[in-house]
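Q: Chains A and B supply the protein sequences, listed in that same order. For the first sequence, our numbering assigns the number 1 to the initial residue and increments by one for each residue that follows. For the second sequence, our numbering assigns the number 1001 to the initial residue and increments by one for each residue that follows.
In case anyone wonders, no lab produced these hints; they're calculated from the structure. No false leads were slipped in.
Calculated lysine to aspartate or glutamate pairs in the EDC-like style (CA-CA distance at most 16 Å, straight line):
| # | chain 1 | residue 1 | chain 2 | residue 2 |
| --- | --- | --- | --- | --- |
| 1 | B | K1135 | A | E194 |
| 2 | B | K1061 | A | E194 |
| 3 | B | K1135 | A | D8 |
| 4 | A | K41 | A | E121 |
| 5 | B | K1228 | B | D1050 |
| 6 | B | K1023 | B | D1050 |
| 7 | B | K1049 | B | E1022 |
| 8 | B | K1159 | A | E178 |
| 9 | B | K1033 | B | D1053 |
| 10 | B | K1227 | B | D1050 |
| 11 | B | K1125 | B | E1112 |
| 12 | B | K1227 | B | E1095 |
Quick list of simulated restraints, FRET-style, between CB atoms:
| # | chain 1 | residue 1 | chain 2 | residue 2 | range |
| --- | --- | --- | --- | --- | --- |
| 13 | B | E1038 | A | S61 | 24 to 30 Å |
| 14 | B | V1156 | A | S61 | 28 to 34 Å |
| 15 | A | G177 | B | R1155 | 15 to 21 Å |
| 16 | B | S1236 | A | Q10 | 47 to 53 Å |
| 17 | A | F139 | B | R1155 | 50 to 56 Å |
| 18 | B | K1135 | A | A203 | 16 to 22 Å |
| 19 | A | P123 | B | I1055 | 56 to 62 Å |
| 20 | B | V1156 | A | I9 | 22 to 28 Å |
| 21 | B | Q1068 | A | T5 | 20 to 26 Å |
| 22 | A | V97 | B | A1192 | 31 to 37 Å |
For every residue, glycine included, the Cβ atom is placed at its ideal position computed from N, Cα and C.
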Amino acid sequence: MMHLTPSDIQAIWLTIKLAGVVTLILLLIGTPIAWWLARTKVWWKRPIGAVVALPLVLPPSVLGFYLLLAMGPNGPVGQFTQALGIGHLPFTFWGLVIASIFYSLPFMVQPLQNAFEAIGERPLEVAATLRASPLDAFFTVAVPLALPGFITASILTFAHTVGEFGVVLMIGGNIPGETRVASVQIYDHVEALEYMQAHSLSAVMLIFSFAVLLCVYTWRPSVKRVG
Amino acid sequence: MILPKILIFICALVLSMSAYAEKINIAAAADLKFAMDEIVAKFREVNAKDDVDVIYGSSGKFYTQIQQGAPYDLYFSADIAFPRELAKSGFSFSEVIPYAFGRIVLWSATMEANKMSLDSLTSSKISHIAIANPKHAPYGKRAEEALRASRLWERVEPKLVYGENIAHTAQFVQTGNAQVGIIALSLALNPALANKGGYWLIPDTLHAPLEQAFIITKRAQGNDLAKKFADYMRSSATRTIMTKYGFVLPN
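Pulled out of the complex, with its shape left as it was, chain B reads as follows (with noise of 0.2 Å):
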């Protein structure tokens, strides 16, 4: 019979895995795609048995995923917002813990956007402008309250196209759909994006600190390499690479 076999085997392997030490679950906000591809790669040099993995997307969809039990060992937002509301009702394991602030800038893959402003963004030139939706995400929140401070809300608003979280929303600028976006300063200084059409740095007086912070939820509880994940984002090599990113450090 090789249907016993098969179940051995596939006994065997699930058993090999777990004897392996530890693997994590990380879940990031967008605007962190490249900088954290970066540390962790950094970080499995020094840890080359652990196991990372990164999962994307939107602070906003974990948070709701967490409480509901998804397999994430460490949570980084984009809105410190969310890993604090986690915190009070029982999801975190650590205490919050803030690891920078993030900037928004005006990029484009067509235009010159360093040589643009704001206010560039009445021109009949650019018929759409991507911003994250400000519903949910808070580099999109942020954007919007950087166009109403600037009094241009109203005249821009029919032009605005709204992408999911702030990579999605880099996307429709890339691909030339949208000729300019408000985006994370991390997503516009990586190699890929930073080589098209500049940026132009959107005053933080504009708009309400874009304050980030991350946990180790409950799940993680005893598992180790969460804990040594954590302490590595405070060494030098990872503050050095989200400098790099544009990231402003806490202290």
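Only chain A is shown next, with the shape it has when bound in the complex (with noise of 0.2 Å):
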């Protein structure tokens, strides 16, 4: 009944780097801006909120359709990326890259978000008292408490990237190894009459995704007990 090809394997292999990369960069850039959100008391917090949630919203061909247009040569991204002498980034694994951090943002800021504001201001004040400064209350208190933040929102950015079809169709270009990720080869093998090797990838495909939510819904309890 398992029968995956070399190539199902390699979409697998693809999917998994593609959404490990993008999981750690949007821990970088997610934590500050879910960490901004959850502190800051100024008016223009509420339009960047929404901004962050745009592509919880936004059909997957709106987001594809600009991103090919301005990372193409005659758009601002595509002009910027070829002034630095990367070249064009659709038909790339990094053009992927930059459409699944836009694409998977809000999984990772508002978990986080959430997370923060489940601490309060209290144990930051603490901190202060004992002489902690900002940065480092926010490492030895702020993320300690938390940590089950970072893990849900890590493990629905990966799950969400994963999960990506329209985009990745749209600006990809379908290059085995560099941009045929796991549900765009299941799209090719139904499109093919494949429906064997559809069948085996999409069992694949469920039984991870079942894993991970069942991960999620695990720690979700810890997240309660924070606040």
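Using the hints, build the complex out of the two chains.
A: Right under this line is the structure:
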């Protein structure tokens, strides 16, 4: 029953690599954004929060369309990357990484923001009276307290990137080992009427997705305990 | 109570719709996009009351969807093999009706493709070449055959990017993300694409013929409009449009 071709395995590895890189980068970008959103009281935190949440609502085709034009030779991002000597991002692994960072941003920021908000002012005030610098307090107090939030955010970001399809199809160009991720590979199998192969790879994705969600739900109670 | 009124209104709406004559859904291969739009516009002029919807996509996808009961009344495939299979397994009401032969061209939005040939693809100026996915798209299969017949496949394969269907492939080229592409002549002849860079017709001796055919599906049995549209495909108006878009007509 389980029959994965070498190109299926390649697509799975590429998917894991993409999701892993995106999760690491989003941990670095998303944490300060979430921290700022959780602590600031300025009025424009709301529009910023809405921008961060946009990919939850936007059809992937909107994101794919804008990215294809922006990263192409006539787009602003494309001209910038060309000036840097990187060339153009569509049809490349790093193009997919950039697209996925936009696509998965809310899945990193929102759980982190919730976790930071749940900590409240008190532990940080205590840390300050003990002469901890804000940065020190962040790493020794906030991060350990928000650890379940970090784990939930990372798992959701990883999983959501694995589940990406529309954006990848629009800017990826379906190149084996470079942009042909598992979801696109399944689509190709179905289009080519290779239902057996589509079944095998789909089963892998199904089991994976279930395992991920099981992890998230198992971790959830400890998030509540923090608050 | 407002809810019953709404329900009555919806029922009336639905009934009035079904009382209105006929409606057909046409599933058409993406290479037909511009030609079929014109054909349907002409057909509507003489059949103003009737409702004709066209869905464009890849032939292979429609094949699968029809097997799974998709509500398409006519199916225009870029590869005659798909409708033949459907007819064999009883999903067709009509016989398989060939309507055209397709041609493939080298096309670019940024370079002068009319001065190129397949050998130009090895140039270092070209980093990406878009073709339709040869695994399932008929135009992609022919593109691969032409490149293999010219002994270029191994050299250009690292530059290839694959579109989901032929229109998607043209879009990669139109946005400049791929410098050149192998697309359908019918798309390259569309005014929106024709004024950019031009095209180079790939000799049809380099690939198997792109024989295209349509069927009236089993579902449309007894739908007079479907029959009428099938007949309209033989009209001189239709043949003029098809020829204009570079399709070679049978006989």
